[in-house]
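Peer 1: When you read off a place in the sequence shown, starting at 1, and then add 18, the result is the number in my numbering.
Among the hints, erroneous ones may be present.
With a cut-off of at most 20 Å between alpha-carbon atoms, the simulated DMTMM-like pairs for lysine to aspartate or glutamate come out as follows [to be verified]:
id : residue 1 : residue 2
1  : 203       : 27
2  : 41        : 111
3  : 212       : 197
4  : 224       : 127
Hints are computed from structural coordinates only; laboratory data are not their basis.
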Amino acid sequence: MKIKKGVQETWSKIAHKFDELRKLPWPDLIDFIHESDFIDSSGKEIGSVLDLGCGNARHIRYIKDESITNRTFYGIAVDISLNFLIIAKETDDEINYINADANYLPFKDKIFKKILYIAAIHHIPTRLMREKSLSEIERVCDSELLITVWRLWQKRFYKYFLDEIKKKRYEEWNGEFGDIWVPWKDQERNIVAKRFYHLYSIDEFKQLVKKSNFEMVNFKIAGTRKEKGTIFALLKIKKS
19 MKIKKGVQET WSKIAHKFDE LRKLPWPDLI DFIHESDFID SSGKEIGSVL DLGCGNARHI
79 RYIKDESITN RTFYGIAVDI SLNFLIIAKE TDDEINYINA DANYLPFKDK IFKKILYIAA
139 IHHIPTRLMR EKSLSEIERV CDSELLITVW RLWQKRFYKY FLDEIKKKRY EEWNGEFGDI
199 WVPWKDQERN IVAKRFYHLY SIDEFKQLVK KSNFEMVNFK IAGTRKEKGT IFALLKIKKS
């Protein structure tokens, strides 16, 4: 698909600059990890951890460092951008890196105890492909998934989406309401690339989860004082 290929090319293009600007783990995510007991400080077995759509792998490195005394930790970081994985491996070669598509994961069933899917599923075009990605995660996940997405009704996007509703522009190019291209700019404010996003309303996100074999055990909206722009959720595989 043209958009998906464009997503891969965009992230490969901006990977080095992204790494320069975002070397440290995301503070809001760290808070949610601990609020949700995603990392058990008691030293309980952690097992294998997957960071899907890992970027520069800053978050799985945090999990690894927090689990330093736990010998059961085994980390795998997956991204569609090879450039990101090269950067990540140069930073930490103790994690295993795999170049793969989030819709087709090269792993056995139920192999991961914990999965991170941070700010990644919203870069996948079409509802069916996003559902397919979550289905793949169900297949390889044995316990917990921590997922984040950008929220639809952020102030900076109000005008854009209100215009979309009025003009039904997304129907003209066979897109979906919530789709948007967000520019990545250089220091001179020139647009270097445009990143595809599908932004989620709270209801749409909950419907995505409801269609899956996950149950939601923690949910939060977080961000800056001015804008709570990110949905955080901890999901667990339903046990039959």
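Peer 1: Evaluate each hint against the coordinates.
Peer 2: Results of checking the hints against the structure:
no.: 1; hint: 203 / 27; result: holds, 16 Å
no.: 2; hint: 41 / 111; result: holds, 16 Å
no.: 3; hint: 212 / 197; result: holds, 12 Å
no.: 4; hint: 224 / 127; result: violated, 25 Å
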